[in-house]
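Trainee: Going down the list, the sequences are from chains L and U. What the first sequence shows, in our numbering, is residues 1 to 369, in sequence order. What the second sequence shows, in our numbering, is residues 1 to 262, in sequence order.
To be clear, the hints were calculated from the coordinates, so they are not data collected in a lab. All values reported here derive from a predicted model rather than from experimental measurement. One should not assume that every hint holds.
[Said to hold, decoys possible] Computed list of lysine to aspartate or glutamate pairs in DMTMM-like fashion (alpha-carbon distance at most 25 Å, straight line):
| id | chain 1 | residue 1 | chain 2 | residue 2 |
| --- | --- | --- | --- | --- |
| 1 | U | Lys106 | L | Asp34 |
| 2 | L | Lys33 | L | Glu245 |
| 3 | U | Lys106 | L | Asp14 |
| 4 | U | Lys35 | U | Glu56 |
| 5 | L | Lys148 | U | Asp50 |
| 6 | U | Lys106 | U | Asp95 |
| 7 | U | Lys106 | U | Glu144 |
| 8 | U | Lys141 | U | Glu175 |
| 9 | U | Lys141 | U | Glu165 |
| 10 | U | Lys106 | U | Glu65 |
| 11 | L | Lys59 | U | Glu175 |
| 12 | L | Lys59 | U | Asp136 |
| 13 | L | Lys48 | L | Asp250 |
| 14 | L | Lys48 | L | Asp34 |
| 15 | U | Lys106 | L | Glu157 |
| 16 | U | Lys32 | U | Glu175 |
| 17 | U | Lys35 | L | Asp14 |
| 18 | U | Lys32 | U | Asp79 |
| 19 | L | Lys59 | U | Asp50 |
| 20 | U | Lys106 | L | Asp275 |
| 21 | L | Lys148 | U | Glu217 |
| 22 | U | Lys106 | L | Asp250 |
| 23 | U | Lys106 | L | Glu245 |
| 24 | L | Lys33 | U | Glu175 |
| 25 | L | Lys148 | U | Glu165 |
| 26 | U | Lys106 | U | Glu125 |
| 27 | U | Lys117 | L | Asp250 |
| 28 | L | Lys59 | L | Asp40 |
| 29 | U | Lys35 | U | Asp50 |
| 30 | U | Lys106 | U | Asp79 |
| 31 | U | Lys117 | U | Glu65 |
| 32 | U | Lys35 | U | Glu165 |
| 33 | L | Lys148 | U | Asp4 |
| 34 | U | Lys117 | U | Glu80 |
| 35 | U | Lys32 | U | Glu217 |
| 36 | L | Lys33 | U | Asp79 |
| 37 | L | Lys48 | L | Asp14 |
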Amino acid sequence: MSFYSIVEHYQEFDFSQFFAGVSDNAVLRSLAKDTLSATDFLTLLSPKAGAHLEAMAQKAHRLTVQYFGRTIQLFIPLYISNYCANHCAYCGFNRQNSIVRRTLSIAEIEEEARAIAATGMRHVLFLTGESPQHTPIEYLVAASECLKRYFASVSMEIFPLDAVDYRRLQRAGVDGMTLFQETYDQEVYPRVHLAGRKTDYRCRLDAPARGAAAGFRQINIGALLGLGEPSRDIFFTGLHGRYLEDNYLDTEISISLPRFNDAEGNFQPNYLVNDRSFVQFMTALRLFLPRAGMTISTRESAGFRDRLMYLGATRYSAGSCTGVGGYVEGKVAGSRQFEITDNRSVAEVTSAIVAGGYQPVFKDWDAIA
Amino acid sequence: MTNDFLHLGNRAFGNRLFTGTGKFAANGLIPKMLKASGSQMITVALRRVDTTAHSENILSYIPPEVTLLPNTSGARNADEAVRIARIARAAGCGDFIKIEVITDMKYLMPDNLETLKATEILAGEGFIVLPYILPDLPLAKRLESAGAAAVMPLGAPIGSNRGLETQSLIALLIENCRVPVIVDAGIGRPSQAAAAMEMGAAAVLVNTAIATASDPEAMGRAFDLAVRAGRTAYLAELAEPSQVARASSPLTGFLSENASEF
Numbered sequence: 001m002s003f004y005s006i007v008e009h010y011q012e013f014d015f016s017q018f019f020a021g022v023s024d025n026a027v028l029r030s031l032a033k034d035t036l037s038a039t040d041f042l043t044l045l046s047p048k049a050g051a052h053l054e055a056m057a058q059k060a061h062r063l064t065v066q067y068f069g070r071t072i073q074l075f076i077p078l079y080i081s082n083y084c085a086n087h088c089a090y091c092g093f094n095r096q097n098s099i100v101r102r103t104l105s106i107a108e109i110e111e112e113a114r115a116i117a118a119t120g121m122r123h124v125l126f127l128t129g130e131s132p133q134h135t136p137i138e139y140l141v142a143a144s145e146c147l148k149r150y151f152a153s154v155s156m157e158i159f160p161l162d163a164v165d166y167r168r169l170q171r172a173g174v175d176g177m178t179l180f181q182e183t184y185d186q187e188v189y190p191r192v193h194l195a196g197r198k199t200d201y202r203c204r205l206d207a208p209a210r211g212a213a214a215g216f217r218q219i220n221i222g223a224l225l226g227l228g229e230p231s232r233d234i235f236f237t238g239l240h241g242r243y244l245e246d247n248y249l250d251t252e253i254s255i256s257l258p259r260f261n262d263a264e265g266n267f268q269p270n271y272l273v274n275d276r277s278f279v280q281f282m283t284a285l286r287l288f289l290p291r292a293g294m295t296i297s298t299r300e301s302a303g304f305r306d307r308l309m310y311l312g313a314t315r316y317s318a319g320s321c322t323g324v325g326g327y328v329e330g331k332v333a334g335s336r337q338f339e340i341t342d343n344r345s346v347a348e349v350t351s352a353i354v355a356g357g358y359q360p361v362f363k364d365w366d367a368i369a
Numbered sequence: 001m002t003n004d005f006l007h008l009g010n011r012a013f014g015n016r017l018f019t020g021t022g023k024f025a026a027n028g029l030i031p032k033m034l035k036a037s038g039s040q041m042i043t044v045a046l047r048r049v050d051t052t053a054h055s056e057n058i059l060s061y062i063p064p065e066v067t068l069l070p071n072t073s074g075a076r077n078a079d080e081a082v083r084i085a086r087i088a089r090a091a092g093c094g095d096f097i098k099i100e101v102i103t104d105m106k107y108l109m110p111d112n113l114e115t116l117k118a119t120e121i122l123a124g125e126g127f128i129v130l131p132y133i134l135p136d137l138p139l140a141k142r143l144e145s146a147g148a149a150a151v152m153p154l155g156a157p158i159g160s161n162r163g164l165e166t167q168s169l170i171a172l173l174i175e176n177c178r179v180p181v182i183v184d185a186g187i188g189r190p191s192q193a194a195a196a197m198e199m200g201a202a203a204v205l206v207n208t209a210i211a212t213a214s215d216p217e218a219m220g221r222a223f224d225l226a227v228r229a230g231r232t233a234y235l236a237e238l239a240e241p242s243q244v245a246r247a248s249s250p251l252t253g254f255l256s257e258n259a260s261e262f
């Protein structure tokens, strides 16, 4: 059964009416449970639950320490290509933007890998736009094999693939994949994904399950908050996480909560998520999925990230450059996917985590295949 | 109790609290906790060990007198567990290996079948194998025959702090196994560790409850005391609990044969 049937199940559901009916007592009941149902989760996403944020935060903190300890796993993103055949209204890489396009050669990837490895980072996430013409599967396999020689863990954030190609990459040494649905709202989705393969909602929705079936150890999902109504997108993100947990028991699930900042293209999101709502979403997700990883990127500011450690976050990117070839060549003008807000170096992020009473973890995997 | 040692492989352990390296706020807390608790055996996930020296090496925080128990955390089948064990040995982590094969990320339940397969292979290669299992007596007996040095049944799911939820199943293992039974996972309080030792467990392994305490050093000491208390009580042979009261001054004592004053 595809996760799509669960999305469909809520097609006629009146979220506004549900939220309007939530009482303080209902929030307290959901908050007290060890195992939350979908209804409990939605209750904690309601405006009414906003008044119980401190209690949600306390419980989220306790559960996170229990299951993850006082640790933050670090990884670094590596952009290997920004060619893209999609037209996504919000993205700096979209094909309408006249930016400098580039795909790193395997030799260049190796140079980047050396530069990154020197910072002490042992987990890498490589990224591309969606252009099978510029980044065919053979290239991705070669890139994975190259990175595997430099890092303990190699993950990827690329376009959806079929089961066969996921399997090839898994065998080449990729152990995790990140893929954001961007929005689960089937009406908003086609309005922001205007052209290219990414217009296929179902293909993208089922990709994390295909990846889990192919044997990736870790699957990271998320919605780009601001496209659709945010509490609904978080609700479906949580349900998607639980669906994957239930169906692929041996796969570790993690969730990202990217929200808009100033990507290129002057896109105005439909919704803005403020810090308070962000924390409500993150703590509700922690209560609903106690063992799920929670990934926070450098889209978020240094000061805010330093606080999120206590609220459920388990994985941070650090020292990030969102341009292609950025680690060897330094700043790359005019071709980043999105603007990063936390500009600190790996060493600075590490110091801040230590100062906050947490342990930065650089290595938590071995490529034993 | 000076002669009360737990023998595993060619080592004798006077302290029956085994500890772990995960979840600490800083690796620097590990040697302090080891000193305070007296623990002589500590488990470390090989996936956390970085021998490239690019980042901090967790092994440098473990004093040489403490026995390293590398574990195969991250393995999803016997083959992966075997490969991790061989890497651990090649990396100088010694011959002890805790087999941890987990195919369920939701509850972190061990996969007993794959664990048995890995034990058969690794015991044959001279490893001192400590398999982490769901308490299942027939399986424990097969592990014994396969050459396991001990069995490590879980008290409750890893990190759950729920205590000895599997108590009656662990009791069967203690009663019937030749190899030591070490209760691993789920122990959240010193009193639960004491209870496991009172039952006759040979040792307990505690990580989360110590590592995530506000003061891991003090909590390590508390667990040490509890383990000693439970072990002492076990050796002193606990009185069996009874369904009826047994007063220290029996009311019917005067009815005995030589109560002749009436």
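Trainee: If a hint holds in the structure, say so; if it does not, say that too.
Mentor: Results for each hint:
A distance of roughly 14 Å separates the Cα atoms of U/Lys106 and L/Asp34; the hinted pair therefore holds under the 25 Å criterion. For the given pair, L/Lys33 sits about 19 Å from L/Glu245 by alpha-carbon distance, which is consistent with the 25 Å threshold. Using a Cα cut-off of 25 Å, the hinted pair U/Lys106 and L/Asp14 is violated, with the two alpha carbons roughly 30 Å apart. A threshold of 25 Å between alpha carbons decides the hint, and for U/Lys35 with U/Glu56 the separation of about 21 Å falls inside it, so the pair holds.
At roughly 15 Å between alpha-carbon atoms, L/Lys148 and U/Asp50 fall within 25 Å of each other, so this suggested pair holds. Proximity of U/Lys106 to U/Asp95 is assessed by CA-CA distance (about 30 Å); at most 25 Å being required, the pair is judged violated. A distance of roughly 29 Å separates the Cα atoms of U/Lys106 and U/Glu144; the hinted pair therefore is violated under the 25 Å criterion. At most 25 Å may separate the alpha-carbon atoms for a hinted pair to count; U/Lys141 and U/Glu175 meet this at roughly 12 Å.
At most 25 Å may separate the alpha-carbon atoms for a hinted pair to count; U/Lys141 and U/Glu165 meet this at roughly 21 Å. With a C-alpha separation of about 36 Å, the suggested pairing of U/Lys106 with U/Glu65 is violated against the 25 Å cut-off. As the CA atoms of L/Lys59 and U/Glu175 are separated by approximately 40 Å, the hinted pair breaks the 25 Å bound. Restraint check: the Cα-Cα separation between L/Lys59 and U/Asp136 comes to about 34 Å, which exceeds 25 Å; the hinted pair is violated.
Between L/Lys48 and L/Asp250 the alpha-carbon distance is near 36 Å, which puts this suggested pair outside the 25 Å criterion. A C-alpha spacing of about 20 Å is found between L/Lys48 and L/Asp34, which places the hinted pair at or below 25 Å, so the restraint holds. With a CA separation close to 24 Å, the supplied pair U/Lys106 and L/Glu157 stays within the 25 Å bound. With a C-alpha separation of about 36 Å, the suggested pairing of U/Lys32 with U/Glu175 is violated against the 25 Å cut-off.
This hinted pair does not check out: U/Lys35 and L/Asp14 have alpha carbons roughly 59 Å apart, beyond 25 Å. Taking the CA atoms of U/Lys32 and U/Asp79, the gap is near 36 Å; set against the 25 Å cutoff, the hint is violated. Proposed proximity of L/Lys59 and U/Asp50 is contradicted: the alpha carbons are some 33 Å apart, above 25 Å. Proposed proximity of U/Lys106 and L/Asp275 is contradicted: the alpha carbons are some 29 Å apart, above 25 Å.
About 38 Å separates the Cα atoms of L/Lys148 and U/Glu217, which puts this hinted pair outside 25 Å; it is violated. The suggested pairing of U/Lys106 with L/Asp250 holds, with an alpha-carbon distance near 8 Å, which does not exceed 25 Å. A threshold of 25 Å between alpha carbons decides the hint, and for U/Lys106 with L/Glu245 the separation of about 7 Å falls inside it, so the pair holds. Distance hint between L/Lys33 and U/Glu175 is unfulfilled; the C-alpha atoms sit about 37 Å from each other, more than 25 Å.
The suggested pairing of L/Lys148 with U/Glu165 is violated, with an alpha-carbon distance near 41 Å, which exceeds 25 Å. Between the alpha carbons of U/Lys106 and U/Glu125 the distance comes to roughly 32 Å, so the proposed pair goes past 25 Å and is violated. Between U/Lys117 and L/Asp250 the CA atoms are separated by roughly 18 Å; this keeps the pair inside 25 Å, and the hint holds. Our distance criterion of 25 Å between C-alpha atoms is met by L/Lys59 and L/Asp40, whose separation comes to about 15 Å.
At most 25 Å may separate the alpha-carbon atoms for a hinted pair to count; U/Lys35 and U/Asp50 meet this at roughly 24 Å. Between U/Lys106 and U/Asp79 the CA atoms are separated by roughly 22 Å; this keeps the pair inside 25 Å, and the hint holds. Among the hinted pairs, U/Lys117 with U/Glu65 is inconsistent with the structure: their alpha-carbon atoms are about 31 Å apart, more than 25 Å. For the hint pairing U/Lys35 with U/Glu165, the CA-to-CA distance comes to about 30 Å; that exceeds 25 Å, so the pair is violated.
A C-alpha spacing of about 48 Å is found between L/Lys148 and U/Asp4, which places the hinted pair above 25 Å, so the restraint is violated. Proposed proximity of U/Lys117 and U/Glu80 is supported: the alpha carbons are some 11 Å apart, at most 25 Å. The hinted pair formed by U/Lys32 and U/Glu217 meets the criterion: a straight-line CA distance of about 6 Å does not exceed 25 Å. Of the pairs offered as hints, the one joining L/Lys33 and U/Asp79 is violated, with about 38 Å between alpha carbons and a cut-off of 25 Å exceeded.
Using a Cα cut-off of 25 Å, the hinted pair L/Lys48 and L/Asp14 holds, with the two alpha carbons roughly 16 Å apart.
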